[in-house]
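**Q** Sequences listed follow chains U and F, in order.
Take 1 as the starting number for the first sequence in this note's numbering and just add one per residue.
Take 1 as the starting number for the second sequence in this note's numbering and just add one per residue.
Be aware that a few hints might be false.
Remember, identical chains collapse to one label, so a pair may be satisfied in a single copy or spanning two.
To be verified - Below, computed lysine-lysine pairings styled on DSBU-like, alpha-carbon distance capped at 35 angstroms:
1. K439 x K211
2. K318 x K439
3. K318 x K211
Honestly, the hints are just simulated from the structure, not real lab data.
If you want the building blocks of each chain, they are given just below.
There are 2 protein chains.
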Amino acid sequence: MAISEADARALSGIVGAANCSARAPDREQHARDASHHAAHTPDLVVWPNNAEEVARILAYANAHGLPVTPWGTGTGLEGGAIPQHGGISLSLARMDAILAVHADDLQVTAQPGLPHQDLNRQLARYGLFFPPDPGANASIGGMLATNAAGIRTVRYGATKDNVLAIQVALADGRLLRLGSRSLKQSSGYNLLQLFVGSEGTLGVITEATLKLAPIPQHTGTAMASFAAVEAAVAAVLDLRLSGLDLAALEYLDSTNTRILADAGVHIAPLPTLLLELHGGAAEAVAGGMNALRAICEAHGATAFRAATDNMERTLLWKTRHSAYEAIVRNHPGQEIVIMDVAVPISAYPELIRSAQDTLDELNLVGYMKGHAGDGNIHIELPYGDETTFVRIAMANQRIAAIAVGLGGTATGEHGVGIGKRDLMRMEHGPALDLMQAMKTLLDPIGILNPGKVLPATH
Amino acid sequence: MAISEADARALSGIVGAANCSARAPDREQHARDASHHAAHTPDLVVWPNNAEEVARILAYANAHGLPVTPWGTGTGLEGGAIPQHGGISLSLARMDAILAVHADDLQVTAQPGLPHQDLNRQLARYGLFFPPDPGANASIGGMLATNAAGIRTVRYGATKDNVLAIQVALADGRLLRLGSRSLKQSSGYNLLQLFVGSEGTLGVITEATLKLAPIPQHTGTAMASFAAVEAAVAAVLDLRLSGLDLAALEYLDSTNTRILADAGVHIAPLPTLLLELHGGAAEAVAGGMNALRAICEAHGATAFRAATDNMERTLLWKTRHSAYEAIVRNHPGQEIVIMDVAVPISAYPELIRSAQDTLDELNLVGYMKGHAGDGNIHIELPYGDETTFVRIAMANQRIAAIAVGLGGTATGEHGVGIGKRDLMRMEHGPALDLMQAMKTLLDPIGILNPGKVLPATH
Numbered sequence: 001m002a003i004s005e006a007d008a009r010a011l012s013g014i015v016g017a018a019n020c021s022a023r024a025p026d027r028e029q030h031a032r033d034a035s036h037h038a039a040h041t042p043d044l045v046v047w048p049n050n051a052e053e054v055a056r057i058l059a060y061a062n063a064h065g066l067p068v069t070p071w072g073t074g075t076g077l078e079g080g081a082i083p084q085h086g087g088i089s090l091s092l093a094r095m096d097a098i099l100a101v102h103a104d105d106l107q108v109t110a111q112p113g114l115p116h117q118d119l120n121r122q123l124a125r126y127g128l129f130f131p132p133d134p135g136a137n138a139s140i141g142g143m144l145a146t147n148a149a150g151i152r153t154v155r156y157g158a159t160k161d162n163v164l165a166i167q168v169a170l171a172d173g174r175l176l177r178l179g180s181r182s183l184k185q186s187s188g189y190n191l192l193q194l195f196v197g198s199e200g201t202l203g204v205i206t207e208a209t210l211k212l213a214p215i216p217q218h219t220g221t222a223m224a225s226f227a228a229v230e231a232a233v234a235a236v237l238d239l240r241l242s243g244l245d246l247a248a249l250e251y252l253d254s255t256n257t258r259i260l261a262d263a264g265v266h267i268a269p270l271p272t273l274l275l276e277l278h279g280g281a282a283e284a285v286a287g288g289m290n291a292l293r294a295i296c297e298a299h300g301a302t303a304f305r306a307a308t309d310n311m312e313r314t315l316l317w318k319t320r321h322s323a324y325e326a327i328v329r330n331h332p333g334q335e336i337v338i339m340d341v342a343v344p345i346s347a348y349p350e351l352i353r354s355a356q357d358t359l360d361e362l363n364l365v366g367y368m369k370g371h372a373g374d375g376n377i378h379i380e381l382p383y384g385d386e387t388t389f390v391r392i393a394m395a396n397q398r399i400a401a402i403a404v405g406l407g408g409t410a411t412g413e414h415g416v417g418i419g420k421r422d423l424m425r426m427e428h429g430p431a432l433d434l435m436q437a438m439k440t441l442l443d444p445i446g447i448l449n450p451g452k453v454l455p456a457t458h
Numbered sequence: 001m002a003i004s005e006a007d008a009r010a011l012s013g014i015v016g017a018a019n020c021s022a023r024a025p026d027r028e029q030h031a032r033d034a035s036h037h038a039a040h041t042p043d044l045v046v047w048p049n050n051a052e053e054v055a056r057i058l059a060y061a062n063a064h065g066l067p068v069t070p071w072g073t074g075t076g077l078e079g080g081a082i083p084q085h086g087g088i089s090l091s092l093a094r095m096d097a098i099l100a101v102h103a104d105d106l107q108v109t110a111q112p113g114l115p116h117q118d119l120n121r122q123l124a125r126y127g128l129f130f131p132p133d134p135g136a137n138a139s140i141g142g143m144l145a146t147n148a149a150g151i152r153t154v155r156y157g158a159t160k161d162n163v164l165a166i167q168v169a170l171a172d173g174r175l176l177r178l179g180s181r182s183l184k185q186s187s188g189y190n191l192l193q194l195f196v197g198s199e200g201t202l203g204v205i206t207e208a209t210l211k212l213a214p215i216p217q218h219t220g221t222a223m224a225s226f227a228a229v230e231a232a233v234a235a236v237l238d239l240r241l242s243g244l245d246l247a248a249l250e251y252l253d254s255t256n257t258r259i260l261a262d263a264g265v266h267i268a269p270l271p272t273l274l275l276e277l278h279g280g281a282a283e284a285v286a287g288g289m290n291a292l293r294a295i296c297e298a299h300g301a302t303a304f305r306a307a308t309d310n311m312e313r314t315l316l317w318k319t320r321h322s323a324y325e326a327i328v329r330n331h332p333g334q335e336i337v338i339m340d341v342a343v344p345i346s347a348y349p350e351l352i353r354s355a356q357d358t359l360d361e362l363n364l365v366g367y368m369k370g371h372a373g374d375g376n377i378h379i380e381l382p383y384g385d386e387t388t389f390v391r392i393a394m395a396n397q398r399i400a401a402i403a404v405g406l407g408g409t410a411t412g413e414h415g416v417g418i419g420k421r422d423l424m425r426m427e428h429g430p431a432l433d434l435m436q437a438m439k440t441l442l443d444p445i446g447i448l449n450p451g452k453v454l455p456a457t458h
């Protein structure tokens, strides 16, 4: 349903004329995220300045049946921020303040529009950081909405594990505070976690108090190459069982390391693990690095490079992060689908094997890397034509089914958005009906991010 | 509403005659938990053998309007398992099997009636343990229902942080599986956490997959005494900020250490911290212990005793655990109320000060100890007569209000049960209405643990 002039005037009245636009460039900028999903242009973009304005926008939209799709920084990978049904793109970009740094509590209270890298830049002088890091400079609100994770989750948890309290605006315009700044709370129902990961379909998060960690005083980083996938994955299992509490445990398969090696990066074209330890004492990290090396070598690591200074550490991580660019360079003019599934760690070898078989059967080129410590794998699949895309979509369905069959999930950290809606019944069974009931309870008219997360009921 | 003979026959038909009892001794055994709350006898005790029987019991109770109060081991401290409205006491005691040990995944799937100490005894041969430890031998189901925590939460999290998947029976008899064995999941709404901590008022957990940790290969334990509360608490803040990742950070105030010293325990009658480190490498723990000692000494620790062998370690922890017995011995024939509030760690000094002032004003003797690393404090208050109890109830209300005012919670880890219901509006404000709506959605007739968690609406 399109937005009328009266609606636009009313919404402009809430946020101010400077924070409301129906101009084509603004609307186009909010039509698609970083995914391959098709763009859809909103009728109007509004930039509320505070929680009360968000609440008033929702109340208005609810009363008039207007779709509202929240927007953070547009870095999502499953289309969660695409205004699939038009209506209002609700950008939180102008709500990007840090409201309070509770340094002694290792906490920060921030608005949802603040990108996490900007947050961490501002927190550095307190010696603190917000650990979840999805790679892209996602907003806090976007990270909460998708329960984003990333390379540090193996030690610090996903976004859901690093949020203590939120303020949320409901569809009917109510503003609620959920959770507590206390680390412990056994007081009533955990409503906070119902909104985290709900991708703006149950409410709009307008403020969050996040857990921080001390910037590690001592860090050890290492890269280990293995002759075969099996050896690398066996090392992953032992590293997880060692109690070494790794801060990162990343896997790069040989498709990735080969194009990196071809591009002149100093890396063996072999299955590779990237490992990191964080610690408060130098001896602790040094001792841990020795133990870690011993485990890798026991599994036949053919090369082990350790970095203890910051420059070398940065270099090792640059290798990981430049893998994506190398893929893009190797496939000029093509789009890339990024798959995201996760399984219990014991099923990681089988997931990798079955996924590779699936790609081979469908004659697809895929680059596998993953947050191995969490059993999470990403496959980057370039395509330049429709028929390849159709085969990629088939692979996506099949590999998601494999992951669910192995006790895992169709979406480890990217969310459901548009791309994974049709996999929800397979993954959740009858629990999906209770999810539908929650949606009906909290958004009876269906104004909040319609077309996302839950499959169409017809 | 009392249970009719026809009801008893129907329920006996579900679980079998040997698993259903209306005999007085059985009913009395399920009439009260470990708290000071008044007993209430159920009409019937049933011991289902599996999830399907639980579901059928609930469906029957729902159709006939019979109250159902789940029972684990009866170690609760807020009356959560007391069948306040009579009806059915649903004991999970005969559902106490380990269904699967996923050693490589550091996971176990178990039935809810299994006590956590029994679970850990069985897991020891895998070199694994379930970290949350509330002290008493609570059942897994009871720990999930109250989101129990304890001394290891500062490193390993509360029960809610250590559960990946559950099966839950709803009031209408549906059985749902929520969550995933994958460590990461960004797939739909987090319904799992809605049931964790809901104290059996939204559903009955019939199975859980829990996160485990490797039994630490190396452990360091220490006890540090301080001349004043302020110095001990200042050390707590610095220890939290150090990145040392303590596995326990416990506080005993001088009321506790004095009666321990009087009882002949080798401890200074001073504010005391008990600290523990876990690690996968000996050097890591040794390095950490040095750093930890330096922090305590910088805050003027007057004594620092470190234990690195198991016997000494056990001895130090015995000191902590014998504090309660010493209180009981010092107050023969008296009952003890155990308070439980938590605040952001920066407010810990003020909480302790204000709580002590409250006790002094009300002329009460209270023994303070706490999970300092989490900002959680317990006050043990002995009473032998009604007037003292009335003053204790006043102190409970006031100290809970102080904690909430400091950004904390009225219940850190014991749950709401009967004792904290009337504090829920103060703590949650308008969010309480959404909790009520969840209750209405999931238990429209109100059969599930009536009289708990939510305040009476009339």
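**Q** A separate judgement is required for each hint: does it hold in the structure or not?
**A** We went through each hint and held it up to the structure:
1. K439 x K211: both (28 angstroms within a copy, 29 angstroms between copies)
2. K318 x K439: neither (42 angstroms within a copy, 50 angstroms between copies)
3. K318 x K211: both (26 angstroms within a copy, 32 angstroms between copies)
In terms of the numbered hints stated before, the structure departs from hint 2 and from no other.
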